[in-house]
Structures are given as C-alpha cells and as structure tokens.
Amino acid sequence: MITNKAKKGTVIRNVALTITCILLGIVISMQYKSIQFKNTVNDQDLKTINDYQTRLINLTGERDSLLQEKTEYQRALSVFEQGSPEEQIKYLMDESKKAKTFAGLTDVTGPGVEIIVNFAKEEDFYDADTVLQKLINEIKASDAQAISINGERIVSMTEIRLVGNYLAINNKHYGPPFNIKVIGNVKSLQSALNIPGGVLSDLKFYGAEVNILAKDELQIMKVDENSINIGLLKEIENS
Amino acid sequence: MLNKTVNTNKIIAGLVDVEGSGIEIRLDDAQVTSEGNYNFFIVHDIFLTEIINDLRFAGAQAISINGERIIPMSEQLCLGPSVRVNGKKLFAPYIIKAVGNPKVLEEQLKKGKIYSEIISKNLLFDMTIQNNIKISKYNGNYLKQISVFEEVKE
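Top to bottom, those sequences are chains A and B.
Under my numbering, the first sequence has 24 at position 24, and the numbering climbs by one with no breaks.
Under my numbering, the second sequence has 52 at position 52, and the numbering climbs by one with no breaks.
Next comes chain B alone, as it looks inside the complex:
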C-alpha cells in the first residue's frame, strides 16, 4: 500500500521509466536549398516548446525529447547549434516521444499553430503512432531542484 503510493508519486514526478501507447515525432532542420538566412532552416527552441505544449493540451501523460524526460521545470533554450533541455545540450534530429491517446495527440498537434509553421518552413517532420512507447525517467539530480524550499507542508 505504502509502496504503491511511493510509486504513484514517482510516476507523476517522472522518476521511473514508463511505457504506453502514444506517438513519436521526429523533427529535423530543413535541407538548405538556397543561400541566405540559415535561421530560417533550423529547429528553434520555441518549436519544441510549442510541440510539447500542444501534446500536453491533448492530454499527454509523459513526454521526452531525445531521451530527456519533461519534468515540471524543463526548459527548451537555443544554445548555438543545440537546444538546452534539463541543462543538457541536445542536437537535431529531435525525437519527441509522448504517451497518451495517439489519435487525440495527432489531431491536436495538427490543429496547433506550430504545425503549420513547421510545414511552411519545410522542416523535416515525421510522426508515427505506436502501441508501446518507452519513456525513460529523469536522470538528473532532482534533489537539487527542491533545494530552495524552506518548508514543505503536507
């Protein structure tokens, strides 16, 4: 009973590996077809933020980008040619995994405003529905992220 409560809390916190039905998205920089502003061809942080947000809106229960579990304080921040997530530098292609109702996830993502931008910029986008997506736990130091709190009330 106690063990079950501990596990439930750990699942919500993203501290255990989980699996379930969902979708896998692959997002890569566009192929450069002309000289000019290369910024136009690459995957920016806001694309990842918006995709994650649309997946959350669609009821996703767990998400990861290139193996980094999305936790409450996960950032997506452009850092030169990479995007920083959970303090780590990730490089394209970005593999976004989400556990949830695959149909709803797909539908809401395509309704969201970032999808049309991805298509119009010719970024390489691929989405597959999968019965069993495995999402790894957060592998950073989570105790460091609750260090400022002076007091925690139950």
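In isolation and in its complexed conformation, chain A is listed as follows:
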C-alpha cells in the first residue's frame, strides 16, 4: 500500500515536472523570439536613424551655405543701392579676386606638405596616372586648398593621364620624380595620408616610393591661363 502510494506520488511529481519543463521551454523560446524580433527592429531603426542623420548633415550644410549666400547678397545689395561708385568697384574687384583664388588663378602661400613620388622600376611607371590620381583624390578629401604637381596647379579641369612615356597634366608633359605641393591643414593631411592600410600602402602596391615632408610655408603658383578653355560655356543668367 505504502509503496503503491509512493509510486503514485512519484508519477504525479514526474508529470508535474515534465509540464513545468515544457512550459518553461515555451516561455524561454517566446522570450528568445521576442528578443530576436526586437533586434531586427533595432537594425531597421538604426538604418533609419543613419539616413536621417545623413540628411540632417547635408541639409544643415546647405542651410549654412544658403545663409552665407544671403548675407553676401545683402551686402552686395547695400553696396549697389547706397554705396559710392568707388565702393561698388571695390566690391566687384574683391569678388573677382576671391573667385580667382578659388579657381586657382592666383599664386598662394600657406602651410602644408611636400610629397615626392618616384618609381623604382621603369615598368611601374605605367600605373603612374592611377597612382597620382588616387593620391591627389585622397589629398583633396583631406581638405586641401591648393595642389600642384611639378609646378602645374591642379584646377577643376586638370587631367592626369598617361600618354606614352609621360603624364599629361594641364596639357603639358611630365615625367618622374613627381613633386607634389599641398597647402592645407598639415595635421589632417599627414594623418589622412599615413593612416595604416591607407593610400600609401595602396601606392606601395603599385611600386611607387612616397616621401612626405611637412612645411610651415609653401608657395604654389597659379595655373597657366592658356591651359584654361571656357569657350563653350554660356553663363545662365540669374544663376
């Protein structure tokens, strides 16, 4: 009798334990699923947040430049409405000078870096245009303000292309070594160029030897105006 009762108790306990385990299993799996579900939602949220951040940065930049443009126009308006003829001429000269500086039509000086690029083997020179383009692109991305290669000022329409045994830069021919002068923030230029796995290791792969020197003051000459053509461009009025 007693053994029978004890057996019955064990069975009930086992059944109860089984049911508890099953329930626990279901609860854990539900919990797990809900956490997983939440994770996917978070990824989407992150993507949306990232998109909005990108848009915010772009729009803030646009707003800032529009505000500056507005200030510029207001200044121009007051000069042309109330200013003396001398002031008006001075304003136009000033505008012209700033545009010229931006376009690379003036000699400039400032702090920066000087970079010497050479090729140890002759056959490596056949990638020289790719090498210089990658390097110049990286320099531009590091907020440089003026660049020259062997004295040729880099302007908006400057090409760097291999033609036979030389590089065509602003319609003129250059061979190695290439002496690149850059005016800009020395620290950001140096860190951008020297970053491990960055452009320098890329250039090494192409067989280029690169030396970088920081300079307190560099002079970069203006572009040869004969190399600039704007004959096909018609200004759109009121732009």
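Hint data in this document are derived by calculation from the structure and do not stem from the laboratory.
You may find that some hints are simply not true.
Simulated restraints on C-beta separations [as the list claims (entries may be wrong)]:
{"id": "1", "chain 1": "A", "residue 1": "Leu162", "chain 2": "B", "residue 2": "Asn122", "range": "24 to 30 angstroms"}
{"id": "2", "chain 1": "B", "residue 1": "Asp28", "chain 2": "A", "residue 2": "Gln190", "range": "46 to 52 angstroms"}
{"id": "3", "chain 1": "B", "residue 1": "Asn122", "chain 2": "A", "residue 2": "Thr18", "range": "55 to 61 angstroms"}
{"id": "4", "chain 1": "A", "residue 1": "Leu162", "chain 2": "B", "residue 2": "Lys121", "range": "17 to 23 angstroms"}
As the structure is a computational prediction, the values presented were derived from the model and not from experiment.
Glycine included, each C-beta is placed from N, C-alpha and C at the ideal position.
Following the hints, put chain B in place on chain A, whose structure we already have.
Just chain B now, kept in the frame of chain A:
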C-alpha cells in the same frame, strides 16, 4: 568691362550655372546575378574619378556629378553605400554631365582604361550626346576653401 572680368573668373571657378553642348552619362550598379562579393557589382569612387579624368583629358570645360559641380578640390570618396563628392554623400545612379565637344568626349572616354572595366563588370552605363547641357554652380561655401592662404599675390 569689370563686370565681364568678374564673370569670366566666376565661370572658371564654377560659381555660376552654365550651359553648352556635351554629354550626359548615367552609371549605376550592376544587377546582382549571383551570390558572392557584392563589391564587384557596385560603382566605386575610382570609377567616377577616372571618368572625370578622361573627360578632362578630352577637353571638358565643366563637369558635375549628381548636380555637384566639379571644382579644383572636389574629391570622390567611397563612404559605405555612397560616394562623397564636395563633402556630400551621393548615391547611385550617378549622372555625370560634361560640357565640351561631344564627339571628342565620347571618343576619349571609350579609349580610356575605365570604360573597358565598366563594360566588363556589367555596370549599367548609358551615354547620350546633348546640344544643351545645364550644369549648376558650386553651391558649397567656397570662402571656407580659401581660408588657409595667408597671402594672395595678384
């Protein structure tokens, strides 16, 4: 006379909208046909850099990518799924507009080394010749980009 000089400088600097004959290029990522390295299917910064360079070599007088005017210090830099140009993130498809002699532009682009790579990678590439291409001015803060210069000689 003074006004004309100012305008010429602004045109060279990319600070006014311009129009003229030229070509319009549309470049988009390839359609993914198999699993694997997706890097193979997308438009990288170097493609844009090389296209612009070939257009310059062909005598282009003004260029823009997705409305961003190419200025002396314009970069093309891969940034995740986008390419940074003039500090802004641009996404595919990339529309490259260039004012110049359309025939020369087309010819030189097809001779350049990037064209064959674009074709071999099956990137979506389309080029049309147009009589009147409009290219907008640089709309960033250009004064910020001449701030380091200590002295400018005339």
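Right, here's what the structure says about each hint:
1. The given range of 24 to 30 angstroms is respected by Leu162(A) and Asn122(B), whose C-beta atoms sit roughly 26 angstroms from each other.
2. For the hinted restraint 46 to 52 angstroms between Asp28(B) and Gln190(A), the CB-CB distance of approximately 36 angstroms leaves it violated.
3. Distance hint check: the CB atoms of Asn122(B) and Thr18(A) are about 59 angstroms apart, consistent with the given range 55 to 61 angstroms.
4. The given range of 17 to 23 angstroms is respected by Leu162(A) and Lys121(B), whose C-beta atoms sit roughly 21 angstroms from each other.
Consistency with the previously given hints fails for number 2 only.
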